[in-house]
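Since the structure of chain V is already known, use the hints to place chain C on it.
Residue-level listing of the chains:
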Amino acid sequence: MGNVVYTLRDVVKTRSKGGASFTLRVPALDVHKGEFCSVVGPSGCGKSTLLDMLALVLEPSQVGQFRLNVPSLAGVQSCDVEGLPENTAARIRRHNIGYVLQSGGLLSFLTVRENIMLTAQISRLRVDTDDFEHLVETLGLGDQLEKKPQYLSGGQRQRVAVARALIHRPKIILADEPTAAVDYPTALDIRDELQSLARQMDAAVIMVTHDRSLVEEVADLQVHFALSRIKRNQIEATTSLTQREQAV
Amino acid sequence: MILKLAYKDVVHDRLLSICLVLAIASIISPLLILFGLQFGTIETLRSRLVEDPQNREIRPMTTKTFHRDWFTQLQQRLPEVQFVVPMTRQISSSVVAANKEAKLQESLSLMATAPGDPLLMENSAPVPDTKSCVLTAAAAQSLSLQVGDVLEITAQRIIGGKYEYGRFSVRLAGILDERASGLKTAYVPLSVIEAVEDFKDGRAVPGFGWKGELPTAYPVYEGAVVLVQAPLNKLDQVLLINNTGFSQVKPLSPEEAEQLTPSQSLSRHAYLLKVKHRFVTQTNLRAVQNKLRGKGAKVLPWIRPLAVQLHTTQGDVYALRLSVMPEGMPGASMGKQTTGTNPAGGQPVGTLFVSDQLPLAAGIATLRLQMDGRELELPVRVEKHAIGPDRALAEVEFAGALDLFRYRDLSYNNASGSLLLSRQGYAGFRLYTATIDAVESVQRALEAEGIAVNTERQRIAEVKQLDHYTSLIFWLIAAVGVVGGISALTASLYASVERKKKELNVLRLLGLLKKELVLFPIAQGLLLSSGALVLSVALFQGVAQVINQLFQEQLRSTESLCTLSAGHFFLLFVGVWSLSIIAATFAALRATRLDPAEALRDE
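Taken in sequence, the protein lines are chains V and C. One point on numbering: in this note's numbering, the residue at position 234 of the first sequence is 1465, and numbering is uninterrupted. One point on numbering: in this note's numbering, the residue at position 173 of the second sequence is 754, and numbering is uninterrupted.
Only chain V is shown next, with the shape it has when bound in the complex:
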């Protein structure tokens, strides 16, 4: 694998609600360009908390090191995420991160075409027609472009979300349970399409899922969670990593 995209060392996030607290500890996590990283665990283990921090929408409580190495409009190649101003984080997101959300996260008032082009428009990126057509053809969306999302199947919606996440050629793709709402064969197709297209763009994919079987065979890196109860209302989750052995 090439350059590191994310470097996390001793990152801790504590969240409290109704007297109960949850702490997520990430001792170490390195995600590289083109790498397929799966975040696997049961509900409530901290998968989304980790994803929020990686998506720069949740600030860690404690940080040993949290670096992001991507080009951005601000000309920053590498930056410490801790204390990052909100607008800078938003600018980094719009240019460098693609999102595939659980139910697609598509805007109901836009057509498929407009939804796909949305991220490109936000990042003010001119998209080559051939690239657009290649992307929608690969995802089988060629004849769905003028439809509104509500007229699509679950699988089609997720494919639109994948297209939207990739259209502006980000270096990171964050996918939060992208296959949760589709049947297993469709889930496999979406996973493969996402992995394949991301690899073509040399983008790192971090996919959160509760279904270990879906990613076990393909993930270059797996993040696991070990839960422990410290006190009655205090739960702590610590991540551990499993690196897939490289084929020789």
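Since the hints were made in silico from the structure, they are not lab data. Glycine is no exception: its CB is placed at the ideal position from the N, C-alpha and C atoms. It cannot be assumed that every hint is accurate.
As the list claims (entries may be wrong) - With a Cα cut of at most 20 Å, we get these calculated SDA-like pairs of lysine to any residue:
| no. | chain 1 | residue 1 | chain 2 | residue 2 |
| --- | --- | --- | --- | --- |
| 1 | C | K1096 | V | Q1352 |
| 2 | C | K1096 | V | R1355 |
| 3 | C | K792 | C | Y744 |
| 4 | C | K589 | C | I599 |
| 5 | C | K585 | V | A1351 |
| 6 | C | K589 | V | A1351 |
| 7 | C | K589 | V | F1340 |
| 8 | C | K1096 | V | P1316 |
As the list claims (entries may be wrong) - Distance ranges between label pairs, derived from CB positions:
| no. | chain 1 | residue 1 | chain 2 | residue 2 | range |
| --- | --- | --- | --- | --- | --- |
| 9 | V | G1314 | C | Q1122 | 56 to 64 Å |
| 10 | V | S1339 | C | Q1122 | 30 to 38 Å |
| 11 | V | Q1381 | C | Q1122 | 34 to 42 Å |
| 12 | V | K1248 | C | M582 | 54 to 62 Å |
| 13 | C | M582 | V | Y1382 | 19 to 27 Å |
| 14 | V | Q1381 | C | R1137 | 55 to 63 Å |
| 15 | V | Y1382 | C | G1065 | 33 to 41 Å |
What follows is chain C alone, placed relative to chain V:
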């Protein structure tokens, strides 16, 4: 991009958007109609007041003599006065007009007019010349006259128990709009009205060929020289100024007497009688003569020397001091006809004796008097006599008549070859202020001069008051409406943001900045309020048309009972857009508090 997204969202949720547009329009439309009615009604009343010159007219309530100077100075004193024209006595302006072709006749009142008359100009009629007139609609209708027709006007008087008629024909130059007056009136230049009044007063009007007495200038004097054989005692002197019109008596030395009455005062005692103010007439002289009956006295009129100019036919001008020529002065050819004709064509009024040292020929010349900016020119016969070169002498009556020019206007009448008294003043006036707002101040100014006048001040004040109160009511209702409108818009936009929270979170997650996201509800607020504005204006126009149609009979073609100006619509759009931005700001603040992490969580 965010505006496009906002637009697409509004279009996507079209049903909800239509509901919002209707809700906002339901607040704006009644306010627009209410304001349209308020503005239209007041504006109609106001424009009727402003546009109709009758409402700017100020009429004297009583007859009074207004001198010419009063008219010339009025507009300098009161710049708010737009137009003023003198009026003769009402009784003198009644005439009978006839349409001979249609064999119709009608009693009319004559009114004076002049260039700039707003009553005519603002009621579709030109200002007539002396050969034409303008009629009110009622007069034209009763005489069945059209513009261009000729009507005959007859003035009537009784002289010595016999009716006499003065007639003249005029062309109808214009007919006033109905609103100008409901009376049967003919508008003619002031000179025509003056002629009619002169005729009715029994005077001749040579310009119209009407016979009668001429208002010939009468002789006046500033004093008299009394010549007696024996000196007068003090009692006799006092008697001379007792009830004779004279106020001073002064014995003259022989030299003074000789200077004032050459060749008359020899072997006589001379006294100069003078007046303190103004002048005396022949009656006063006769009174003195009576007092001196049996004393062999001679009473000679005396005037202060008049500065005159004599213009000869050769173009020479001589400045002279004119005084009374003593009776029986040796060498004077009193009443002798002089050969020669006046190049101007008029008959000479009298004879002027000038120094035989002057290099001018006896004959006809023009005498010019100038006094206080006034001027009088008349032809005179010139005779030469052995007097000083800067002096001129005139016969007693002629000199006295010229002396009257000190005290009032005179004019030379070519036809009769005589000096006539000019009109001193007028019985009233027709006055218009420049604006309705000036009516009150001009009324006050005239009343301060002791001139009771009648105006539409009360009506103007009533309309202003009505405007004030209806505006107050409107703004109270509008304030409630505005609060309701803001509340409705704010609630709608806030609900819209709440409803779109998921999508807005996604947009934030995808990297949209807060400041960009703020534009989303603002743009939607503007779109919705614009839709509501268009709908409200359309509704207003429809309702206004119905209202105006219903009251069509009460309105003139240019009037509307329910209307708004372009300026109002501009203010309405700016106001509603501003309010929608204020309302949307609350929703925008909510949008800025959205957490992009929620986009992940909501999934």
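Against the structure, the hints come out as follows:
1. For the hint pairing K1096/C with Q1352/V, the CA-to-CA distance comes to about 16 Å; that is within 20 Å, so the pair holds.
2. Of the pairs offered as hints, the one joining K1096/C and R1355/V holds, with about 16 Å between alpha carbons and a cut-off of 20 Å not exceeded.
3. Among the hinted pairs, K792/C with Y744/C is consistent with the structure: their alpha-carbon atoms are about 13 Å apart, no more than 20 Å.
4. Straight-line distance between C-alpha atoms of K589/C and I599/C comes to about 14 Å, which keeps the hinted pair within the 20 Å bound.
5. Distance restraint check for K585/C and A1351/V: the Cα-Cα separation of roughly 15 Å lies within the 20 Å cut-off, and the hinted pair is therefore satisfied.
6. This hinted pair checks out: K589/C and A1351/V have alpha carbons roughly 18 Å apart, not beyond 20 Å.
7. A threshold of 20 Å between alpha carbons decides the hint, and for K589/C with F1340/V the separation of about 6 Å falls inside it, so the pair holds.
8. Of the pairs offered as hints, the one joining K1096/C and P1316/V holds, with about 14 Å between alpha carbons and a cut-off of 20 Å not exceeded.
9. The supplied range of 56 to 64 Å is met by G1314/V and Q1122/C, whose beta-carbon atoms lie about 59 Å from each other.
10. For S1339/V and Q1122/C, the Cβ-Cβ distance of about 36 Å falls inside the hinted range of 30 to 38 Å, so the restraint holds.
11. For Q1381/V and Q1122/C, the Cβ-Cβ distance of about 39 Å falls inside the hinted range of 34 to 42 Å, so the restraint holds.
12. Here the CB-CB span from K1248/V to M582/C is close to 36 Å, at odds with the stated 54 to 62 Å.
13. Evaluation of the 19 to 27 Å hint for M582/C and Y1382/V yields a pass: the beta carbon distance comes to about 24 Å.
14. For the pair Q1381/V and R1137/C, the beta carbons lie near 59 Å from each other, so the given range of 55 to 63 Å is met.
15. Checked against the hint of 33 to 41 Å, the C-beta distance between Y1382/V and G1065/C comes to roughly 39 Å, which is consistent with it.
Going through the hint list in order, the structure does not satisfy hint 12, though it satisfies all others.
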